[in-house]
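Chemist: If you want the building blocks of each chain, they are given just below.
4 protein chains.
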Amino acid sequence: MAQETEIGLGKKARIAYGLDDISIVPSRRTRDPQDVSTSWQVDAYEFDIPVIGAPMDSVTSPQTAIAMGKLGTVGVLDLEGLWTRYENPEPILEKIASLDPDDATAYLQQAYAEPIKPELIVERLHEIRDAGVTVAGALSPQRTQQYYSTVLNAGVDLFVIRGTSVSAEHVSKDHEPLNLKQFIYDLDVPVIVGGAANYRAALHLMRAGAAGVLVGFGGVATSANRQTIGVSIPMATAISDVAEARRDYMDESGGRYVQVIADGSMGESGSFVTALAMGADAAMLGAPLARAQEAPGHGTHWGSEARHATLPRGLRSEVGTVGTLQEILYGPSHKADGTTNFIGALRRAMASCGYVDIKSFQRCPVVVTANRS
Amino acid sequence: MAQETEIGLGKKARIAYGLDDISIVPSRRTRDPQDVSTSWQVDAYEFDIPVIGAPMDSVTSPQTAIAMGKLGTVGVLDLEGLWTRYENPEPILEKIASLDPDDATAYLQQAYAEPIKPELIVERLHEIRDAGVTVAGALSPQRTQQYYSTVLNAGVDLFVIRGTSVSAEHVSKDHEPLNLKQFIYDLDVPVIVGGAANYRAALHLMRAGAAGVLVGFGGVATSANRQTIGVSIPMATAISDVAEARRDYMDESGGRYVQVIADGSMGESGSFVTALAMGADAAMLGAPLARAQEAPGHGTHWGSEARHATLPRGLRSEVGTVGTLQEILYGPSHKADGTTNFIGALRRAMASCGYVDIKSFQRCPVVVTANRS
Amino acid sequence: MAQETEIGLGKKARIAYGLDDISIVPSRRTRDPQDVSTSWQVDAYEFDIPVIGAPMDSVTSPQTAIAMGKLGTVGVLDLEGLWTRYENPEPILEKIASLDPDDATAYLQQAYAEPIKPELIVERLHEIRDAGVTVAGALSPQRTQQYYSTVLNAGVDLFVIRGTSVSAEHVSKDHEPLNLKQFIYDLDVPVIVGGAANYRAALHLMRAGAAGVLVGFGGVATSANRQTIGVSIPMATAISDVAEARRDYMDESGGRYVQVIADGSMGESGSFVTALAMGADAAMLGAPLARAQEAPGHGTHWGSEARHATLPRGLRSEVGTVGTLQEILYGPSHKADGTTNFIGALRRAMASCGYVDIKSFQRCPVVVTANRS
Amino acid sequence: MAQETEIGLGKKARIAYGLDDISIVPSRRTRDPQDVSTSWQVDAYEFDIPVIGAPMDSVTSPQTAIAMGKLGTVGVLDLEGLWTRYENPEPILEKIASLDPDDATAYLQQAYAEPIKPELIVERLHEIRDAGVTVAGALSPQRTQQYYSTVLNAGVDLFVIRGTSVSAEHVSKDHEPLNLKQFIYDLDVPVIVGGAANYRAALHLMRAGAAGVLVGFGGVATSANRQTIGVSIPMATAISDVAEARRDYMDESGGRYVQVIADGSMGESGSFVTALAMGADAAMLGAPLARAQEAPGHGTHWGSEARHATLPRGLRSEVGTVGTLQEILYGPSHKADGTTNFIGALRRAMASCGYVDIKSFQRCPVVVTANRS
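Protein chains in written order, with the numbering used here: chain A, 1 to 373; chain B, 1 to 373; chain C, 1 to 373; chain D, 1 to 373.
Don't read these hints as lab results, they were simulated from the structure.
Do not take every clue at face value.
[Claimed, not checked] Covered stretches of chain D, going by a simulated chain C footprint (3 or more residues, C-beta under 8 Å):
(1) 260-271
(2) 274-280
(3) 343-349
[To be verified] Heads up, incomplete: computed chain D residues facing chain C, CB under 10 Å, no partners named:
(4) Ile15
(5) Tyr199
(6) Ile239
(7) Pro332
(8) Ala336
(9) Val356
Note that the structure is a prediction, hence the values are computed from the model and not measured.
No residue lacks a Cβ here, since even glycine has one placed at the ideal position from N, Cα and C.
The following block holds chain A by itself, in its conformation from the complex (with noise of 0.2 Å):
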């Protein structure tokens, strides 16, 4: 493994890079934005755009799952939030939002001490399937095998199962852990799971079986983590990390090609397509979705970890509200922040660079800048 360094004479290390010091440079050829696809599939599934919105309460709710679903898209809905434990989170979602970001934890964690529903996963999964888009639900690794069956049995295309830290191999004193690999196999539906930090990390879940791996912890979780448990992931290193362990899976397997999603530390536009240039097939979008005008978190954002009831990770914060999900996907951008039109500036991007479809894009050539200017 290169590019190592010699943190004391006790400790080496890889030097990893995050998606701010990595810049897309343009080569010889140039294409038009219109003849770029930006299509993806997971399994049977196909989606036009390369986007998953992601299972946070401020992100995806019923009805934004089905707006997602018509805007081509996906968005998956977490199981474990205030969706599936109150049968009317609107209020506890205002409050949320109202909330001084130094309150804003202990109300969280207040207000996710409400017990799990399991009529109210079946409810909500029904009310997405009844709009006719893609269903998509998301268990956390240690409440799996208590839900999964709920969930099966109330529909899903889709199974996420994520945490901050998702292994093949969990060893517990006081429990069986989730055998992923005999889990995958018995269900019928496709798994996308994660985060995987790395290579070898990414290789067992995908010889478990998963349909996708997710990459990384979730964006806002990512500093905190690094503040709380010194636990970070430079995205750029670990995007291109995991892609090489789906070539080799590939080759492993006789051809099995496992999705590659990046999930977290894409607050705009620039750093989803680089992303993608790092190797991913799609993204899990928090933050930028999080900001449009029909998120449930009302401008507010936070991770599943926010909640946690002995040691949050990552804050409550405000990232404001700029326009539609429509506008935040496929624009017009009235403002040049990054904030919308993501599919537009993919698009551009490929078309800069020359490339027809994702798959290609992610050979795309690029620089490590020195310092970020």
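Use these hints to put chains B, C and D onto chain A, whose structure you have.
Modeler: Positioned in the frame of chain A, the structure of chains B, C and D alone reads:
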């Protein structure tokens, strides 16, 4: 290609530098500033100073083009700008300057929605020619085919084709793209074309017959491009790459010397000087000239990307007014902020390092600074 | 010694890293946080958690030493601090906390000009022993010879010798310096000594018989030392170097294991966790514990260098109050800023990376981040 | 020459470091601060401390030159400054100090337009000599020929030739440049000359007979030079390069030792100490001494470049007043900000690393810090 780093297992990248990362360090010999020559030439046109006024409505109007010509340089008129859309753009320019940055983008989009009038192209170019200075006009690659015969009939000395990313090999599904090589061959006037970002892109533009190659995207769009589409060009690396293409092309063409013109990221005289030390023959300046009392932007500045209808990049920024065009170019300075006396600064840097002309100054030794201190 | 760079023709240097430059990246296996052991021991003294309360008047008073003992750790009393100079230091502590930062240094110099009273050393140590917890006291190298017999007669379990730079080989013209090896040999109690900054300094302290070696200067003085005397210790590199000295000394001594204790630059739980991942067995915490409701500093914090009579280094800083000692160490957290639940954070990081104890966690893979994003 | 990086295909560069990038790390041995010698000498003149007062009107007046002499060091009078242009410059100094930074440059240009009076050169130097201290005066290379005989007749012990870039080989079309070698050979007094920026420039000045070489441009001009003309000297690299030139020249000259004097970029005692650890024998201080109660700048500070008639570089900055000259040099400090007790700081650093004199301290091991933390 040296100085590569590994971003992750699946991706390698060069480390690239901006002008701010570079510092000129004087060596053994020194000279008198007045003994230094700053002249350069494109084809038969020779200029006293290595500066071109950028084709931006905040910088070059017919009047400032004339003023620049009389000061020993040349201003390029944007032939798709306000001067060819409106008989009298002054009220529009004043409105743009008066708006809040947050509201300016939407107004730019609206103002530039007015169609281009071919008769105004003719009128503006005639006005410049009548003043007896070099006439230069710019079109985007997209509109070159539509308007170039109007431009040629009106008469230009230098023809500039300028886009955020211009290639000698554009691919399109629904229209026949500009055959740059044939086009340049058929024209009677020297063509300056860009922005190119690296060796390969520049070499193809040189082979297509360009008399000069623009390096970069223009200044104001740089950070915005990165934020919105992930694309940016660290200028020190880009200029040095393109200078190498110039050397190789001179060899393969049996001696044709193509001018390398840095375009953007040179807000202060220090980075202007550094761009020449990287290998540029001249610099196309935007923001520095937008700070002139005569500048049409009235102390504000914007690039052509900032007015894009659906994906604007770059804001209308406030650059302020610091002196006359004469003072900005030739001094004297009464502030030490690098906004006036660009040529005095260049002369002093060249003299401190002992060089007599720009061609030899391109070999000036420099260092990369670990941190900007 | 690898990873050297050339500063100039006459000087080479290693590249050194701080804890903030490092990020822990989870790999394949994960675990349950409750399955993790955080215990460590010095000589016969075993502690539940790898934390030592720093010998600083803003952190450790007799009362907080007792409280720390009851919470499974140990607080070291500064035996040259206010508690051994004043019968009742509380008014002094309140005054220090109430002053403007600009005036505080001069007042610290004045308050610490009061002579040390040996009888107060005895009294304070007895007070701690009477509470039934581990008794630990610290002297500076300069005053160890003068007061150590007082200390030993009063009775301590752990003896700490702590200065900004402590060597096993001090040279003096006008007095016989402390023979550290003989001194430690003659004592009955385990001695922790530091701060050491690198392999060589640490190895000599280990050979002198230290039971534990402090790495670093203590937190608050770090940036001030750099500003005033140009000296600082990038902690990630220093801990890793000293951990290597521990390995080599264990080999040469036939199996003596010396504890490596990170001292300073760990203001948040993330850097505390990272210090252990670098190879530390435990951490001496200052600022984090000064934020306790019980802390004698009343929300302010200062190091022993800050009171130096002629060359103070480091200011009395405002650290605020964030919760009880219990909450800082064990949570629960209601803010996500890394100031509470240090042990919860450590457990989660260890569990995310699949390690069962601190000794194995020291091998945890990490990355160096190019930019802190 | 090691540690090169490739900026682009056409340009290579060394990586260069500033003093802020460097950190001193103590090694095995320690010493008592009072056992340390800080003396150095130029030719027959020996000084207690490695400090020279810079020839800047905000720092060295006849009065402060005398005060510095009595404090064991030497202040160099700028013989082209206000003291040789005005019989009584005090009202000018007060006016400069009272102006807004934005207006100060234009006033400096006007005040320094007054001609230099040779009789005032004589008068000022006599005033210093009459006080019984070492007499030192500085001229720029441009005016050395015009005034040096006046200076010599008035009597100086040390002659300083100081410009932003001084070479032993100046080339001019319309006048015969100073033949530095002949000039120094003909003089009776030791000559200190600079600023030199690297090995080659310094070696030529040494071969020209300089008793001391100034490294750098003087502090205040550094960032301004970079901003205006793209030139700057990362000081850690420059000092180390020039120290190597000293070693090589000592060899080729059969033992002539030329003093290496860091000039500028040492605003706090930490960077002053670091400059010596890089290989400097002494430091010419500007801003630190301009903070003295006695300083003629009344709490403001400017370099000679800041008054340039057409290309001023560097502003008149506000540095404040922190204590007497005595306190700045010898303490005691009552603030921990590195602005007082420069010699105390140096003694402590040397003692912490176990060195007895400056010559051996130049070999002090240091590290490059990846990020300034």
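Chemist: Confirm or reject each hint.
Modeler: Each hint, compared with the structure:
no. : hint    : result
1   : 260-271 : holds (count 4)
2   : 274-280 : holds (count 4)
3   : 343-349 : holds (count 5)
4   : Ile15   : holds (7 Å)
5   : Tyr199  : holds (6 Å)
6   : Ile239  : holds (7 Å)
7   : Pro332  : holds (4 Å)
8   : Ala336  : holds (4 Å)
9   : Val356  : holds (9 Å)
Consistency note: the structure conflicts with none of the earlier hints.
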